[in-house]
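Chains as they are written, first to last, in numbering that gives the first Met the number 0: chain A, 0 to 140; chain B, 0 to 655.
These are calculated hints, taken from the structure and not from any lab test.
Be aware that a few hints might be false.
Stated by the list, open to error - Result set (DSSO-like, lysine-lysine): computed pairs, CA atoms no more than 30 Å apart in a straight line:
hint : chain 1 : residue 1 : chain 2 : residue 2
1    : B       : K113      : A       : K104
2    : B       : K394      : A       : K84
3    : B       : K393      : A       : K84
4    : B       : K393      : B       : K191
5    : B       : K393      : B       : K510
6    : B       : K609      : A       : K84
7    : B       : K584      : A       : K84
8    : B       : K510      : A       : K84
9    : B       : K415      : B       : K341
10   : A       : K84       : B       : K422
11   : B       : K335      : B       : K258
12   : B       : K584      : A       : K96
13   : B       : K338      : B       : K393
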Amino acid sequence: MVLKKSNPQILIFTTNIISDPGVCSAGLMHLSYPAQTTIIKVPCSSMIRPEWIALALESGFDGVFVAADGTDCPYLTDCTNRTAKRVREAQELLSNKGIEPERVKMAAICSVCGEAFTRLVNDFYSRLMELGPIKVRTHEE
Amino acid sequence: MEEGNRVRVGVYVCHCGGNISDVVNVKRVVEEARKEGDVVVARDFMFMCSEAGQKLIEDDIRSGKVNAVIVASCSPRLHEATFRAAITRAGGNPYMYYHVDIREECSWVHENDKEEATNKAIRQVRAAIAYLRRAEPLNRIRVDCERSVLVIGGGIAGLRAALDLAESGLTVYLVERAPFLGGNAAKIGRVKVFPYEKTAIDVVRGLIEVLRKVGSVAIYTNAEVEGVSGYVGNFDVTIRVNPRYFRDRPNEQEIEELKRICSRKTRDEFSFGISERTALVLPPFNGAYPEIPAIDMALCDKCGLCTKACDKVDFSQEPQVVHLRVGAIVVATGFKPYKPEKGEYGYGLPGVITLQELVGLINKYGDVVINGKRPRSIAFIYCVGSRRRREEGKKANEYCSRYCCVAALDVATTIKELMRDVKIYHVVRDVRSYGINEILFEEASRQGQVFIKYDVDEGEPQVLYDNGKPIVKVKDVLTDHTELELPVDLVVLVTGMEPSDGTVRIAEKLKTSRGIDGFLQEVHPKLRPVETMLSGIFIAGTAQAPRGISETLASASAAAAKAMSLVLKGYTELEPFVAFVDQDKCRGSGLCVSECPYGAIEIRGEVGGKRAWVNEALCKGCGACVAVCPSGAMQLRGLRNTQVEDMIRAAGGAHA
Numbered sequence: 000m001v002l003k004k005s006n007p008q009i010l011i012f013t014t015n016i017i018s019d020p021g022v023c024s025a026g027l028m029h030l031s032y033p034a035q036t037t038i039i040k041v042p043c044s045s046m047i048r049p050e051w052i053a054l055a056l057e058s059g060f061d062g063v064f065v066a067a068d069g070t071d072c073p074y075l076t077d078c079t080n081r082t083a084k085r086v087r088e089a090q091e092l093l094s095n096k097g098i099e100p101e102r103v104k105m106a107a108i109c110s111v112c113g114e115a116f117t118r119l120v121n122d123f124y125s126r127l128m129e130l131g132p133i134k135v136r137t138h139e140e
Numbered sequence: 000m001e002e003g004n005r006v007r008v009g010v011y012v013c014h015c016g017g018n019i020s021d022v023v024n025v026k027r028v029v030e031e032a033r034k035e036g037d038v039v040v041a042r043d044f045m046f047m048c049s050e051a052g053q054k055l056i057e058d059d060i061r062s063g064k065v066n067a068v069i070v071a072s073c074s075p076r077l078h079e080a081t082f083r084a085a086i087t088r089a090g091g092n093p094y095m096y097y098h099v100d101i102r103e104e105c106s107w108v109h110e111n112d113k114e115e116a117t118n119k120a121i122r123q124v125r126a127a128i129a130y131l132r133r134a135e136p137l138n139r140i141r142v143d144c145e146r147s148v149l150v151i152g153g154g155i156a157g158l159r160a161a162l163d164l165a166e167s168g169l170t171v172y173l174v175e176r177a178p179f180l181g182g183n184a185a186k187i188g189r190v191k192v193f194p195y196e197k198t199a200i201d202v203v204r205g206l207i208e209v210l211r212k213v214g215s216v217a218i219y220t221n222a223e224v225e226g227v228s229g230y231v232g233n234f235d236v237t238i239r240v241n242p243r244y245f246r247d248r249p250n251e252q253e254i255e256e257l258k259r260i261c262s263r264k265t266r267d268e269f270s271f272g273i274s275e276r277t278a279l280v281l282p283p284f285n286g287a288y289p290e291i292p293a294i295d296m297a298l299c300d301k302c303g304l305c306t307k308a309c310d311k312v313d314f315s316q317e318p319q320v321v322h323l324r325v326g327a328i329v330v331a332t333g334f335k336p337y338k339p340e341k342g343e344y345g346y347g348l349p350g351v352i353t354l355q356e357l358v359g360l361i362n363k364y365g366d367v368v369i370n371g372k373r374p375r376s377i378a379f380i381y382c383v384g385s386r387r388r389r390e391e392g393k394k395a396n397e398y399c400s401r402y403c404c405v406a407a408l409d410v411a412t413t414i415k416e417l418m419r420d421v422k423i424y425h426v427v428r429d430v431r432s433y434g435i436n437e438i439l440f441e442e443a444s445r446q447g448q449v450f451i452k453y454d455v456d457e458g459e460p461q462v463l464y465d466n467g468k469p470i471v472k473v474k475d476v477l478t479d480h481t482e483l484e485l486p487v488d489l490v491v492l493v494t495g496m497e498p499s500d501g502t503v504r505i506a507e508k509l510k511t512s513r514g515i516d517g518f519l520q521e522v523h524p525k526l527r528p529v530e531t532m533l534s535g536i537f538i539a540g541t542a543q544a545p546r547g548i549s550e551t552l553a554s555a556s557a558a559a560a561k562a563m564s565l566v567l568k569g570y571t572e573l574e575p576f577v578a579f580v581d582q583d584k585c586r587g588s589g590l591c592v593s594e595c596p597y598g599a600i601e602i603r604g605e606v607g608g609k610r611a612w613v614n615e616a617l618c619k620g621c622g623a624c625v626a627v628c629p630s631g632a633m634q635l636r637g638l639r640n641t642q643v644e645d646m647i648r649a650a651g652g653a654h655a
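Using the sequences and the accompanying hints, generate a full structural model.
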């Protein structure tokens, strides 16, 4: 299946203990956000290698949303800073490839932050709509 | 994987009644899964978590058809463990598994877009298949455990935990920084603590008495944890026991003489600074342990007079360093009362004291006497140092300290019984006398104590002065926002809790995390409420959060039970999701070492052949090291880099 190009596709990184339960809580409240999303779980958002974000944008996704652990991170007290650093590095990678760095968004999503998550991912989706498809793709399908 | 052991994926898609299938076209998800290579079975079922549903999976594994499983159903928090257990029962490896959430993260959030919701479910299953293609069977990591526990803190929580642990037959080491056991609860002394059968000091005394009779407890007072290394089941602990400078217990006459001749004076912490003490620190209450005094060397000027007055004083004593090996640690390092800043609600001026100081007064004199007179009116101002709003650049305790409302009511009703005519005003934001404590609130109301409620948006109460007497000025919500001025003889600031210095210090030594409030943080407030992220380290009492005595005791017993269940067995098994090093790729950069918050990685080998090495018992599997590894050598078991990359490609639709 090749993703339909008309609507932006978002890859969401969540974390097992904090932000995935947060995304899950949006479901418990039956909130709504675009289905053009795919979720991949990692233990902690500081694990995300910048090149994974770049890979996602080269593999058919139009944006990457990093649902970070924030200050609730059970592993690291400075998780926000570390994750932010990974995201910055990813944005540099993207800039070098001619891809808009704003296609990567990071926000701390706590384990009950369903509403905040929904709002943020809806906003991000709208922004990606405005940006349109990625112009430069290294791995064109 | 070897060819004979090729991954044979079974995909099981759940309808969840109609919770999933009303939105997601489950049949299509199954059809699409069947088209994927390495998928040998794809089924849908009304309730996968039911016995019949689990049996589908078990049968496919038993018959040899399937050796890797995907269940697409509800949240992994609900049933990941269920399906891993089913796989284990059928003889499969529980880590050849991927759980896909197509309910909370699909059907329940995309109800208006069934087509796209189905596509999302297909993408998620496809990513899971990509994950399993490169999965490897994993085993839990077995670690042997010492059958002994260290309890840090000899307050009411530490005493309770130590006693529970000792009664289970374990060896217990109890370490207290102060010269005597008892902590904050002992200082409450004779003030009753609701519910009233026993005062706090009775409870403390009772615990100490029983603890001394249990053989398997070693108590170290005047002692401090210097260092902790090792990991779950195998902690190496160093404690430093400071000398008391007493060979034996002096008799009454000697004590009186020693008190008289010591010229060094300080505020006595046991009375919350209400009275003075000398450098000679005496057992603060009847039944205190140990019964031998200690000399406060921070205060002592070594004048030597005491050595002449009493031959039991011995300045030749040296600090002792004790090495312990324990399987688990319970941290019960408690709280300290919030200390108002000078001028905060008039603090520091005559007639303004904290709740603790008032308790100190009652204990010292059995009465409330301010400047030689009993007060005829008292105003308690609530939420001092709690529930504050964060201001730029200022520290603020935003939390509710939970115990102070009840403590203030307790003290007020005690005073009301001592002095029938005293007028008592409670200036409150709210009265959080939850649970059985509500009865205490009713009792206070019945006694005619007056409650005045302020709205923080209309301004906080102010303490003014007229002729050297305090006046509390407050806008009362309960009487139509009337501005009241209450001239009183005594203002009592109802102060909350802050993490004790010991709590702050031990968090640094153990490298266990503290929450925004500064208190020790549990893994999860509901799922793992007394465990820390460090396996084998548990938390009890007010070191974790502000709370009252009953709750403190309950959490102490909970932490003790958790520690017990870990070490009694003699071994523990850890999840296999830990970092590992691809030795061929590793170039020994060492970036992972500084990134690891648990000190689980070291660089081994000579120059040129340097490689990272992971201590699996210390690794928590966060993956922080994975992200910074320049060569991609550092990876996580159960989520290797290639697995993440394949999932991204599979879900994105651009197959590698």
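(message) Check whether the Cα positions of K393(B) and K510(B) lie no farther apart than 30 Å.
(response) holds (26 Å)
(request) Mind checking the alpha carbons of K113(B) and K104(A) for me, to see if they're no more than 30 Å apart? (result) Cα-Cα ~26 Å, so holds.
(message) Holds or violated: K510(B) and K84(A), Cα atoms, limit 30 Å.
(response) The given pair, whose Cα atoms are some 23 Å apart, holds under the 30 Å limit.
(request) With a cut-off of 30 Å on the C-alpha distance, tell me whether K584(B) and K96(A) pass. (result) holds (26 Å)
(request) Take a quick look at whether K609(B) and K84(A) sit within 30 Å of each other, Cα to Cα. (result) holds (27 Å)
(message) Given the hinted pair K393(B) and K191(B), is their Cα-Cα distance within 30 Å?
(response) Status violated; Cα separation ~36 Å.
(request) For the pair supplied as a hint, K84(A) and K422(B), confirm whether the alpha-carbon distance does not exceed 30 Å. (result) violated (60 Å)
(request) Compare the distance between the alpha carbons of K394(B) and K84(A) with 30 Å, and conclude whether the hinted pair is satisfied. (result) holds (27 Å)
(request) For the pair we were handed, K393(B) and K84(A), check the Cα-Cα distance against 30 Å. (result) holds (27 Å)
(request) Mind checking the alpha carbons of K584(B) and K84(A) for me, to see if they're no more than 30 Å apart? (result) holds (24 Å)
(request) Sort out whether K258(B) lies within 30 Å of K335(B), counting only the CA atoms. (result) holds (27 Å)
(request) Please work out if K338(B) and K393(B) have their alpha carbons no farther apart than 30 Å. (result) holds (15 Å)
In terms of the numbered hints stated before, the structure departs from hints 4 and 10, listed from lowest to highest.
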